[in-house]
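Peer 1: In order, the protein sequence lines correspond to chains A, B and C.
The C-terminal residue of the first sequence carries number 405 in my numbering, and the numbering is unbroken.
The C-terminal residue of the second sequence carries number 405 in my numbering, and the numbering is unbroken.
The C-terminal residue of the third sequence carries number 405 in my numbering, and the numbering is unbroken.
Derived from the structure by calculation, the hints contain no laboratory data.
Among these hints, one or two may not hold up.
One copy or two, it doesn't matter: identical chains are merged, so the pair holds either way.
Heads up, simulated SDA-like pairs for lysine to any residue below, C-alpha to C-alpha not over 20 Å straight-line [said to hold, decoys possible]:
1. Lys-247 / Asn-98
2. Lys-368 / Ala-176
3. Lys-177 / His-299
4. Lys-84 / Thr-372
5. Lys-203 / His-99
6. Lys-350 / Ser-180
7. Lys-177 / Glu-144
8. Lys-293 / Gly-367
9. Lys-84 / Asp-202
Letter by letter, the chains look like this.
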Amino acid sequence: MVSPLNPLLEEALPEKDETAGIQKPLRLLKHVPEDPVPLIELANHSIVSTRQFTAEQVVQLARLAAKHEAVPQQARRPLVGKILISAFYEPSTRTRLSFESAWHRLGGDIMSITDPATTGIAKGESYADVGEMLNNYGDLVVLRETNDKAIYQMMESLRIPIVNAGNGIEEHPTQALADMYTLFKWRPALMDKDIEKTKKARIGIIGVPANMRTVRSLLYMLALFHNSFEEVVIFCNEKQVFAEHQLENLTEMGLNIRISIDLNADLPSLDVIYINSIAWIGDDYKEYGQEYSLSKKSPIKKGAIVMHPLARGKELSTDLDNTPHNWYFAQARGAVFVRMALLTCLVQHNW
Amino acid sequence: MVSPLNPLLEEALPEKDETAGIQKPLRLLKHVPEDPVPLIELANHSIVSTRQFTAEQVVQLARLAAKHEAVPQQARRPLVGKILISAFYEPSTRTRLSFESAWHRLGGDIMSITDPATTGIAKGESYADVGEMLNNYGDLVVLRETNDKAIYQMMESLRIPIVNAGNGIEEHPTQALADMYTLFKWRPALMDKDIEKTKKARIGIIGVPANMRTVRSLLYMLALFHNSFEEVVIFCNEKQVFAEHQLENLTEMGLNIRISIDLNADLPSLDVIYINSIAWIGDDYKEYGQEYSLSKKSPIKKGAIVMHPLARGKELSTDLDNTPHNWYFAQARGAVFVRMALLTCLVQHNW
Amino acid sequence: MVSPLNPLLEEALPEKDETAGIQKPLRLLKHVPEDPVPLIELANHSIVSTRQFTAEQVVQLARLAAKHEAVPQQARRPLVGKILISAFYEPSTRTRLSFESAWHRLGGDIMSITDPATTGIAKGESYADVGEMLNNYGDLVVLRETNDKAIYQMMESLRIPIVNAGNGIEEHPTQALADMYTLFKWRPALMDKDIEKTKKARIGIIGVPANMRTVRSLLYMLALFHNSFEEVVIFCNEKQVFAEHQLENLTEMGLNIRISIDLNADLPSLDVIYINSIAWIGDDYKEYGQEYSLSKKSPIKKGAIVMHPLARGKELSTDLDNTPHNWYFAQARGAVFVRMALLTCLVQHNW
Chain A
55 MVSPLNPLLE EALPEKDETA GIQKPLRLLK HVPEDPVPLI ELANHSIVST
105 RQFTAEQVVQ LARLAAKHEA VPQQARRPLV GKILISAFYE PSTRTRLSFE
155 SAWHRLGGDI MSITDPATTG IAKGESYADV GEMLNNYGDL VVLRETNDKA
205 IYQMMESLRI PIVNAGNGIE EHPTQALADM YTLFKWRPAL MDKDIEKTKK
255 ARIGIIGVPA NMRTVRSLLY MLALFHNSFE EVVIFCNEKQ VFAEHQLENL
305 TEMGLNIRIS IDLNADLPSL DVIYINSIAW IGDDYKEYGQ EYSLSKKSPI
355 KKGAIVMHPL ARGKELSTDL DNTPHNWYFA QARGAVFVRM ALLTCLVQHN
405 W
Chain B
55 MVSPLNPLLE EALPEKDETA GIQKPLRLLK HVPEDPVPLI ELANHSIVST
105 RQFTAEQVVQ LARLAAKHEA VPQQARRPLV GKILISAFYE PSTRTRLSFE
155 SAWHRLGGDI MSITDPATTG IAKGESYADV GEMLNNYGDL VVLRETNDKA
205 IYQMMESLRI PIVNAGNGIE EHPTQALADM YTLFKWRPAL MDKDIEKTKK
255 ARIGIIGVPA NMRTVRSLLY MLALFHNSFE EVVIFCNEKQ VFAEHQLENL
305 TEMGLNIRIS IDLNADLPSL DVIYINSIAW IGDDYKEYGQ EYSLSKKSPI
355 KKGAIVMHPL ARGKELSTDL DNTPHNWYFA QARGAVFVRM ALLTCLVQHN
405 W
Chain C
55 MVSPLNPLLE EALPEKDETA GIQKPLRLLK HVPEDPVPLI ELANHSIVST
105 RQFTAEQVVQ LARLAAKHEA VPQQARRPLV GKILISAFYE PSTRTRLSFE
155 SAWHRLGGDI MSITDPATTG IAKGESYADV GEMLNNYGDL VVLRETNDKA
205 IYQMMESLRI PIVNAGNGIE EHPTQALADM YTLFKWRPAL MDKDIEKTKK
255 ARIGIIGVPA NMRTVRSLLY MLALFHNSFE EVVIFCNEKQ VFAEHQLENL
305 TEMGLNIRIS IDLNADLPSL DVIYINSIAW IGDDYKEYGQ EYSLSKKSPI
355 KKGAIVMHPL ARGKELSTDL DNTPHNWYFA QARGAVFVRM ALLTCLVQHN
405 W
């Protein structure tokens, strides 16, 4: 008569995850030789935009991330005694935990600001004064703010590095680094300057470059590796697809961009599909994806991968989770290792 | 004319606490021999229900807790480099700090979620997706949630252990472990399978088994040691005292249960009185105890102990604090050591 | 056509800050010999009021702070394994981060309470019960509370030290310690009992001693060193400048106090100007400073320093930031080192 326990409770946890794309990233590690020089240049810099990086830096950051992911139980704790100020004036549990996990895994301590209402900003303090204050309390600041100008105003007084974790609709550079890391793990040849034609990829992006910070940052990154991407197809039926000069800039950098409104027509020829859910419009956001969604029924090419910065809404069906197309979980997982790589470079370079 | 300082400020803090029950738990430690086998079985498991434990596991967890309490200044920090995700979607400072203190004392790092409004859940993300995310960020999750199903949904994707810190009205297993630890410190013979008749205890519980998670979890624990408890008296005048099958299950497990509505008539014969204050009714709660309360005037048996999961309301008078009946402070204190014991077993077993 | 990056992003961070007053405090360190005895007396004490300190303790705390500031990269982490409970029932990011940074730099772990609505207090729990609870969870409590009686009620049950981080309008003793540290770095002779007449300072305070806790605490501190301050001028045109007995007490302690309503008339003869922005009136506050404000145009004496507990409002113009009068940034910076000094003394004395 004693009712049975939930079956989940009767056995130990699964030993490992079998989801596609979650595997030790040794292929990436073996594909490129280590070169510390591009990373040393990052020491003591703030990161606000993807446009600050060279292709060599992105490759070496991905390589360092792969090293962290391949050897997770490393005893080294290079940031012991260093303090992260994790300032999420625009709340975000996912991104905050990703950064904080990265910092903790490196041995550092953390102070979090999660309730903007309790800060001086809410009482009229200037961002420059906040920056001056933060100099005294920590070794690095991670900031998410709806106000895209805030990070620049803080930098006027900051003497410790700050990392942009999303500033309004402008940029989200560490997400773009995580995206590139995922792409490089999937197909290491994408890192090659002299990539073979057969290795080049066609990537589709479901999103609005004009006002989605993840898309904006990713496009700049792809432009750095424009030779590796035959075509970038933007799926978008908004009136304003691009911000002023955005398309011209990307094209000038060498990226081959096309706009499409028919997802299913293009899907069979795409190697990578990057789908987003949330579009920031000013201080508010709107869901995106009623028109464009992916499921097991979508005509996705065999071997193609699906990426998503998460959290997802209805645009990405859970029935794809257990298919080899699912690289969005690997993407989220890799983001922690990419952030470990970047943060170590910014505050010290004894890796 | 300078006004005198508050007398509390003129001297150092008291050297130790003289409250009944707060003493080095050496009697428990000496009463049972160490046996690591039952604890090794807990490695890499999630804890949702008290029904997952064997009597041997509860005894050895209590013994390990006693070891932590008896030798608090141990230099060992077995969880250095391990990250706890402390997710209190239903806010609770007391339980959160108890878990976090346990983890910190073991050397680990912590990331807290204290504001459910900032999480993806509030924006419609599924618990399974949250679980998938948390896999990447930490080594163990502690979850309190008003929605009693949430923990099961997270477990569908979790590959790291999760510990239930209260799920709706269902269970609160670590509170029950702390309760047993308190009982075992008070009378170590209660751990014996072949307990002498004179050592058996009669316990009264003021609360509603149907919808109080602390009572539900405790009753399952008592049933594991049913031979040690002559009688369990439930003081309750609600219409629905038990949930469906609850009384039958407990009786079948061997527990001798009686319902009473007259506290003062039974008090003189009870060895243990366990009093609660809050009953969860759906998403809301109601105070419980207008009818049943304890004070120095209550006819409590000499040598009997009073327990309470705290925080208390008016049902438990402060005039009992300085009497030998007060074991509720010892109970709260012991909860930290019990959690240290459990958490170490779940994430690694090099104790 | 690619738009240029923000110039702030093109170069590494400035190597050091050139603001006045931010310099290694070696002069202070050399001016007084080390004497551990007054600090040993602080072990295991709670700090609620500036009136608990002797002049010798304030001098030695400043000296220890100077040691921390002069040698910031010290490898010692004396508080490893110690837990701070950072309880900001009245939210304050600035003061919270200052305390937490101090504790982390000493190697300790932290649990924060930043949302009073989630605590037992909000549900009617007594402060004494909260204190009893906190005994079990940490090694030291830092409390900010609008209710000025709360700290005394907690102390009735606390057996670990508590530090007052602002209790209503009553006191804010660590701010006053930081203020004295700033003054001593500026002019070490102020620490001398037999100070030369030419080294004595005239200090002006813009604020309301009756109901500003920073001013109340500072005045008690200045009274400890009354021989070093020729005159303290209070700029205030409120009806009630002093609380009952406050002026008499300070005068009796030896402080030479004068009230003025004409800031610009007195400015040219002041060596130190201490300006505040917020006055607590009961549970609410009002901005102060419409009448009294400082800018580059103010007739500040050459060599005089301006102090402010921050965050600032309109009363303190940013045009003073790059002048040698700006010691308010140094004051905020020094507060971390003063708190490091104090916290180490309270919980252990192996410095």
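Peer 1: Taking the hints in turn, state whether each one holds.
Peer 2: Hints versus structure:
no.: 1; hint: Lys-247 / Asn-98; in the structure: neither (28 Å within a copy, 45 Å between copies)
no.: 2; hint: Lys-368 / Ala-176; in the structure: between (34 Å within a copy, 15 Å between copies)
no.: 3; hint: Lys-177 / His-299; in the structure: neither (36 Å within a copy, 33 Å between copies)
no.: 4; hint: Lys-84 / Thr-372; in the structure: neither (33 Å within a copy, 54 Å between copies)
no.: 5; hint: Lys-203 / His-99; in the structure: within (18 Å within a copy, 46 Å between copies)
no.: 6; hint: Lys-350 / Ser-180; in the structure: between (50 Å within a copy, 19 Å between copies)
no.: 7; hint: Lys-177 / Glu-144; in the structure: both (16 Å within a copy, 14 Å between copies)
no.: 8; hint: Lys-293 / Gly-367; in the structure: neither (22 Å within a copy, 43 Å between copies)
no.: 9; hint: Lys-84 / Asp-202; in the structure: neither (39 Å within a copy, 47 Å between copies)
Of the numbered hints stated above, those contradicted by the structure are hints 1, 3, 4, 8 and 9, listed in ascending order.
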